[in-house]
Amino acid sequence: MEEWAIRILTGVTYGGLLFILASGFTLGLGIMKIINIAHGAIYLLTAYVAWTVFQDTGSFLLTIIVCCVVGGVLALALYAGLLQRLHDQPLRQILVTMGATLIIAEFGVIWWGGYPRTLPPPGSLAGAMSVGVVSFPTYRLFLLVAAIVVAILLSLLLERTRVGALVRASVDDEEMARGMGVNVGRLYLFVFAITGVLGGLAGGLGAPFLGAFQGAQFEVLLLALLVSVVGGLGSIKGAFVAALLIGVIDSVGKSIFPDLAYFTLFVPLILVLAIRPTGLFGKA
Amino acid sequence: MLFVGVLIAAAVVPQFVGPFMLSILVLIVIFAVLAMSLDLLMGYTGMESLGQAAFFGIAGYTVAILTTRYEVGWQLAIPIALVASVATAAIGAALAVRLTGVFFLVMTLVFAQVLWGLAENWGQVTGGHLGLHGITRPFDALDTDLTFYYVALGVCLVSGLVMYRLVRSPFGLTLRGIKDSDLRMRTSGYNVWLHRFIVFVIAGLFAGIAGVLYTYSTQFISPTILGVETSFEAMLMVIVGGAGTLTGPVIGAAVVTGLRNYLSVYLDNWLIVLGLAYIVTVFFAPRGILGLVPRRWRAASAVGQEPAVADPSLDVQPSPAPSGSMGRGRDRSTTAQDGQGAAETLRLEGIGKTFGRVRAVHDVSLTAFAGTRRAILGPNGAGKTTLFNLITGVHKPSHGSIHLFGRNVTSVPSHARTRMGLSRTYQITNLFPSLTVMNNVRLGILGVQRQKYVMYLPATSLDRVTERCRSLLEMAGLWDERDALVGNLSYGHQRQLELIVTLASDPQVLLLDEPAAGLSLGESKAMVELIKALDPHLTVLIIEHDMDVAFEVASEVTVMHLGEILAEGTAEEIRANETVREVYFGQAYA
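From first to last, the protein sequence lines are chains C and B.
Under this note's numbering, residues 1 to 284 are what the first sequence spells out, in order.
Under this note's numbering, residues 1 to 590 are what the second sequence spells out, in order.
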């Protein structure tokens, strides 16, 4: 019984992390139809930044803020420099952001060397706390809570605010939105910056868990892709559900079939694609 | 000429270079095969795949594992490796081929990643992260790098030649058609899924061949080869060189491989240069290096050049009734007949289609017979085109059934309906813009022919098909334009060609969706003549807004409004019908 509680908790909290990792990517894809391959690279860079800032200041809050800013700035640079002219050209977006990934990751090597950096969970969030009958790492629970908060804020932003409505309208029919006086360019910049902020948040929050290492740019990307595809490309709600689903199936699968560890991650993908090719909440 | 020059250089230069340069040349040759395989998918069929590394790697790993762990000789190892890559490609195709665009891209990427994970984590078999070493080459003679180079070059040449023949074959033509207009292909009788599946597996096979060469070349393999970066680099090679040309990817392979291996020696942070290469290519050379070469220098594009017509005095009579001339068997069960004993061809029973909350078509029933000429009229939004989409199988009906020659085809896919004898034109011209007029008609003809799967002969060598193209084109006066790219044709000519391509599949039931749309008076008259010259046994349903055209061609009329049939009857009856006038013609039209 306790085993199962741990398995489920592990899965659900991992799912929380997955959602945070994927949220920026899904937002860019869902709202602006942009495939940002460099999303993983943003994680990499901001995770390294988190390590540096936390080492120097010891303040987790400050670390998170700096990471979010760095992520946002990086995303802005990507958009303004590269992606702005490539709307509705998925292949080119992919190639260009792949190039950016290589460059960003290489700067990671230049500034931090090729070695992985790990971060211990900050003081107050370290250790474990009791959840019902079991004792469970606090930081993981914190990740789950953070994921829920991000999910709620994101859906509110998109569904309930004026900005959200303007963005959705602009993506649907840009000419019309411009004709109505919407500053579409600035709007897109804003949204894409948010995807970067989310990427930075992932780096800051994920660093104590996954660490910063060369290779993260592709591993995190793969996780983000996985979550997005299973959830339905472009659906935030789908991404949240998918993240939890993947987390749980992965955790339960790993503990029952340890030999197939890597594949348990892909089981939901194969199941979903076999039954519903557009993902759980995807539009055709 | 250029090709011969490069060939000579490729054969001679390696004699004079040092071992490092030689190893780069070998890699270039190997990656050329991989890049060409991707070009088959991307450049010719329009399938942008980030998964070729999967088949490259699987073959490589199979050879490595069999050779080092099980001491299997190369005679078995190589065939097994190729079978492995084909099998893997078949699985990948089954998962990915029905997806398109971004979904397809992501699926292929994830597929390759799963295999990467397998290689990385299944240490016992694959050696895990560190990979496998000491893979011995098949013959001692091959231990000399120079000899190995020539073998690799030979394999590359043969692969290239096979792929070259493939893209010029009828099957190759169908791939290019799919790239231009998937929908048009489906309604022309092609099982598009199957074609995509086949080319995906073929591309997987060639990627596997490259993988085998790679393993023997480096005598080492590790999971990186299955990684994201390899798939991306293959794509970069295709794009840098120029997609859709087969020679482009070879150039791209040379550039990217050379860059990577040469630079990495001199620059620590050469990945930045590679990253910039991606960016620069996208913005400054989207068509690749070959795209920067002036057209006249490039070899004749795929199936572009037509053989000269043997006897110019041969006057092929334009056949006004292209029916049954290709001797294709057709399933025709006993059906109902109309008053004059003509067989029933098309029957709709209570057909309806709802999109979300919009009731596009509701409870439409209609029967047509051989020789029926019926116009479908109605204001915009009446559901006319949706009706055609339902009949051709582009949409699945929400309720009701469709019967073709007495057979219930409601769940039969579009291409099968076309092969039964149904064909349509599109309201917005739906042709293959990057192909010549001749090839457009060829595709129309091949859609209902077995020969569309032929892969070893040039498409231009099918004489009967060529003859039929000629008679069809002459019927519309387009024979002189046969080598023009459809994208360059005038709108009026495109509309005519639209009809010709549809007729090419030898239909018995013809759906014309606003054939005169956007045509001038003269052009409309020509279109009407074309339609009137059709075989009187054909069933023709025509949607038109141009009343003159509609009433010239049709003897019966169905008027639709808000998805339902408003009125039916002869032209005179409809003209006189008050309700129809109100809804459609307005008070001004008498």
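Because the hints were derived from the structure by calculation, they are not lab data.
All values reported here derive from a predicted model rather than from experimental measurement.
Heads up, a few of these hints could be off.
In silico negatives: residues of chain B with every beta carbon more than 12 angstroms from chain C [as the list claims (entries may be wrong)]: (1) I80; (2) R98; (3) D182; (4) H399; (5) E529; (6) H545; (7) A571; (8) E582.
To be clear about the criterion: a stretch of chain C counts as covered by chain B if any three or more of its residues have a C-beta under 8 angstroms from a C-beta of chain B, and this derived list gives those stretches [stated by the list, open to error]: (9) 86-100; (10) 255-263.
Ideal placement from N, C-alpha and C gives every residue a C-beta, glycine not left out.
Going down the list of hints, with the structure as the test:
1. No beta-carbon of chain C is positioned within 12 angstroms of the beta-carbon of I80/B; the least distance is around 23 angstroms.
2. Taking the minimum C-beta to C-beta distance to chain C, about 7 angstroms, the non-interface status of R98/B is violated against the 12 angstroms cut.
3. Against the 12 angstroms criterion, D182/B stays outside the reach of chain C, whose nearest CB is about 15 angstroms from its own CB.
4. With a closest Cβ-Cβ approach of about 20 angstroms to chain C, H399/B is found to remain outside the 12 angstroms limit, as its non-interface label requires.
5. Every beta carbon of chain C lies more than 12 angstroms from that of E529/B, the smallest distance being close to 40 angstroms; the non-interface claim holds.
6. Its beta-carbon lying about 26 angstroms from the closest one in chain C, H545/B satisfies the requirement of being farther than 12 angstroms from that chain.
7. Non-interface status of A571/B relative to chain C is upheld: no Cβ of that chain comes within 12 angstroms, the nearest being about 40 angstroms off.
8. Once the 12 angstroms rule is applied to beta carbons, E582/B is consistent with being away from chain C; the minimum gap is 33 angstroms.
9. Coverage of the stretch 86-100 of chain C by chain B holds. Counting CB-CB distances below 8 angstroms, 10 residues qualify, and the rule asks for three or more.
10. Against chain B, the stretch 255-263 of chain C contributes 3 residues with a C-beta closer than 8 angstroms to a partner C-beta. That satisfies the three-residue criterion, and the hint holds.
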